[in-house]
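If you read the protein sequences in the order shown, they are chains B and G. Quick note: the first sequence, position 374, residue 374 per this note's numbering, numbers continuous. Quick note: the second sequence, position 60, residue 60 per this note's numbering, numbers continuous.
Derived from the structure by calculation, the hints contain no laboratory data. Warning: the hint list may mix true and false statements.
For each label pair, taking beta carbons as the anchor points, the in silico distance ranges come out as [stated by the list, open to error]:
#1 B:Gly395 <-> G:Val113: 41 to 49 Å
#2 B:Ala297 <-> G:Leu5: 53 to 61 Å
#3 B:Arg308 <-> G:Ile149: 38 to 46 Å
#4 G:Gly115 <-> B:Gly377: 19 to 27 Å
#5 G:Arg189 <-> B:Arg98: 50 to 58 Å
C-beta atoms are modelled at their ideal positions from N, C-alpha and C, and glycine is treated no differently.
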Amino acid sequence: MAVTQGDWAMGHISRRAMLAGTALTAGLARPAIARDVPLQVGTMLPFSGTYAALGENIFAALELAIAENGGKLGGRPVALIRLDDESDPAKAPANVNRLVERDNADVLVGTVHSGVVMALVQAAREHRIPLVIPNAGNVAATRDLCAPSVFRSSFSNWQPAYGMGRALAARGVKQAAWVTWDYAAGHESADGFRDGLRAGGAELTHTLTVPFPETNFQPVLAQIGGLGVEAVGAFFAGGGAIQFVKDYAASGLRDKIPLCGSGFLTEGVLKPQGAAADGIQTALHYGDGLDNPRNIAFRAAFKAKTGRDADVYAVQGYDAGQMLAAGLAGTQGDPVATQALAAAILATRIDSPRGAFTLSPSHNPVQTIWLREAKDGQNKVIGAAVKDLADPGTGCKMAGA
Amino acid sequence: MLAGLLAQVLNGVQYGLLLFLIGSGLTLIFGVMGVINLAHGSLFMIGAYLAFAVAGATGQFWLALPLAIIGGAALGTVLERLLFRRFRTRPHMDQVLLTFALILLFEEARSAVFGNQFHSVAIPAGLDFSVPVVGGFRYSAYRLAVLAICLAIAAGMVWLIERTRIGSAIRAAAENAAMLDLLGVDATRIHRLVFAGGTALAMLAGALAAPLQSVYPGMGDGFLILSFIVVVIGGLGSVAGAFWGALLVGMTDTMAKAYVPQAGGIAVCAMMAAVLIWRPAGLSGRG
Numbered sequence: 001m002a003v004t005q006g007d008w009a010m011g012h013i014s015r016r017a018m019l020a021g022t023a024l025t026a027g028l029a030r031p032a033i034a035r036d037v038p039l040q041v042g043t044m045l046p047f048s049g050t051y052a053a054l055g056e057n058i059f060a061a062l063e064l065a066i067a068e069n070g071g072k073l074g075g076r077p078v079a080l081i082r083l084d085d086e087s088d089p090a091k092a093p094a095n096v097n098r099l100v101e102r103d104n105a106d107v108l109v110g111t112v113h114s115g116v117v118m119a120l121v122q123a124a125r126e127h128r129i130p131l132v133i134p135n136a137g138n139v140a141a142t143r144d145l146c147a148p149s150v151f152r153s154s155f156s157n158w159q160p161a162y163g164m165g166r167a168l169a170a171r172g173v174k175q176a177a178w179v180t181w182d183y184a185a186g187h188e189s190a191d192g193f194r195d196g197l198r199a200g201g202a203e204l205t206h207t208l209t210v211p212f213p214e215t216n217f218q219p220v221l222a223q224i225g226g227l228g229v230e231a232v233g234a235f236f237a238g239g240g241a242i243q244f245v246k247d248y249a250a251s252g253l254r255d256k257i258p259l260c261g262s263g264f265l266t267e268g269v270l271k272p273q274g275a276a277a278d279g280i281q282t283a284l285h286y287g288d289g290l291d292n293p294r295n296i297a298f299r300a301a302f303k304a305k306t307g308r309d310a311d312v313y314a315v316q317g318y319d320a321g322q323m324l325a326a327g328l329a330g331t332q333g334d335p336v337a338t339q340a341l342a343a344a345i346l347a348t349r350i351d352s353p354r355g356a357f358t359l360s361p362s363h364n365p366v367q368t369i370w371l372r373e374a375k376d377g378q379n380k381v382i383g384a385a386v387k388d389l390a391d392p393g394t395g396c397k398m399a400g401a
Numbered sequence: 001m002l003a004g005l006l007a008q009v010l011n012g013v014q015y016g017l018l019l020f021l022i023g024s025g026l027t028l029i030f031g032v033m034g035v036i037n038l039a040h041g042s043l044f045m046i047g048a049y050l051a052f053a054v055a056g057a058t059g060q061f062w063l064a065l066p067l068a069i070i071g072g073a074a075l076g077t078v079l080e081r082l083l084f085r086r087f088r089t090r091p092h093m094d095q096v097l098l099t100f101a102l103i104l105l106f107e108e109a110r111s112a113v114f115g116n117q118f119h120s121v122a123i124p125a126g127l128d129f130s131v132p133v134v135g136g137f138r139y140s141a142y143r144l145a146v147l148a149i150c151l152a153i154a155a156g157m158v159w160l161i162e163r164t165r166i167g168s169a170i171r172a173a174a175e176n177a178a179m180l181d182l183l184g185v186d187a188t189r190i191h192r193l194v195f196a197g198g199t200a201l202a203m204l205a206g207a208l209a210a211p212l213q214s215v216y217p218g219m220g221d222g223f224l225i226l227s228f229i230v231v232v233i234g235g236l237g238s239v240a241g242a243f244w245g246a247l248l249v250g251m252t253d254t255m256a257k258a259y260v261p262q263a264g265g266i267a268v269c270a271m272m273a274a275v276l277i278w279r280p281a282g283l284s285g286r287g
């Protein structure tokens, strides 16, 4: 640990500490860092396809964060490499290879899709390249597959659902059901919902699943009335979320059993959901109308840069930039000093528009999950569902930490 | 409990009738022309995107239904004329390759024109309310309207196939095409008619399904597999068989999803295996 700190505060350290640090840090020959050589930031995001809008917002906000840092990271000028991953898991290994082998990326930022991000995590683990994940919420990245070089600026699928469960229990709900597509993200969020309910003395009595990506929700909806639950939570996103919210309202369930969910149920889809979404409460680490100066300034700057309104994805991209800035400042721009970089990020309180957060030992944000209510096309924050929530990080063994 | 079961029965019937619209066209094309058309699911998707485009541009969803029928008939005629006629007597593997290529072409065209987003189609204004059906479970009026439309089309098709001259020619073509030629019936005309009709039905099903299922890339894939199962269970070329097969598939799928979700994926296939053991040529098959 002393070595890490010495390495981190380079410039004031003794030769002995320096030698020990060099020997211990990875055991690979570390070339002297030329401070004016641009740092290659390899961004791998969806710039086409279903998630293109998310990728663009993440990228623009990342650019904004770097610009606000004087256009530099760790004192070095920055070259941003922009690679479209098309959200295609089949192409992910080849795309990551391009960034690492051909473009010699010093640090990596990506991506949105949980299937694609695993190729990035693998590269970050193998080559010890720092990676910041600006969206993909699969829990493995900061649990079983956690690594000193892997960081997340977004959320784990477990977190927002946990917040929703806690908020329901706090309101006196005793029994609730969860509805989701039958895939990893859905089950991870179901675990969060269950744990949140339990923490408040309530119970998840049923988990109903629909094959991914089917949108025939009728067989599931017809069961809900007979379950005897007081609330239904759901994890769907995009088109599935639009259809589910509309079908839930049409089935007449909405007036009897309130629908709630992970924030993605109403994120970016309120317009097509229309009146069917009115009053739906969701939990997420960001929301509309967060009244802090940092958020207001960020939203204004993002709007000025892009002409678009910032959203949760922009915030995650922005914070990825802030995390890189903090980490590389701690290593004077050296991306290979993994331990020092991690120590610097973990020691920093990231001043995020969502509210300041720190990283957990498994490198996932310890953040407030906000409770929001859909109204007039906005997900208005109505309070905190749970403050400073950390992902449990189950199974994370940080090699060398 | 009973109310829940009744609601599921209604869900099964409604889903089955939609499958019938897709499967009936497929079974006719397969039975009469002997062509395996893997692109049938893509035609369903095209119908859904047509509804999305028409509803978006004009605000008149209903306009999409006649357009899907007319457009489908036109597209079917062109496809039959340019491609399927030449492939009718070719080996099945050639047909599979041809129709798989069509899937790729249609998907790329869809991607170029509409992008890869999930789109939602609003329920037409007049029917955007819901009515209680069983035990407080409500159905949107549009869903009920789709049910009625599917029933009317099914009745119309059974009448056409069983009671009219052209229908008996189509049945004859499915039974024994060579005999049809000997009797002096223009088989080419029958083929064109069947292919245009089948395409129109698939596109109409897509348009009707758009407000119920949303519109998204590859949305026809799941329907293609289910409708092949409908065709096999019903007996190749039999419209009445496709009707009962579709109801059976819709019901099995719905009940499995509702009561044994772990078996959701295999329930329909297990049911198909059981039917084929019982009647190897399908419900209405005579082979």
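Kindly confirm whether 38 to 46 Å is satisfied by the beta carbon distance between arginine 308 (chain B) and isoleucine 149 (chain G). Distance hint for arginine 308 (chain B), isoleucine 149 (chain G) holds at roughly 41 Å.
So the hint says 41 to 49 Å: do the beta-carbon atoms of glycine 395 (chain B) and valine 113 (chain G) match that? 45 Å, holds
Should the hint that arginine 189 (chain G) and arginine 98 (chain B) are 50 to 58 Å apart at their CB atoms be regarded as holding? Distance hint for arginine 189 (chain G), arginine 98 (chain B) holds at roughly 55 Å.
Determine whether the Cβ-Cβ distance between alanine 297 (chain B) and leucine 5 (chain G) falls within the hinted range of 53 to 61 Å. 57 Å, holds
Between glycine 115 (chain G) and glycine 377 (chain B), does the C-beta distance stay in 19 to 27 Å? Between glycine 115 (chain G) and glycine 377 (chain B), where Cβ atoms are some 22 Å apart, the hint holds.
When the structure is compared with the earlier hints, no violation turns up for any of them.
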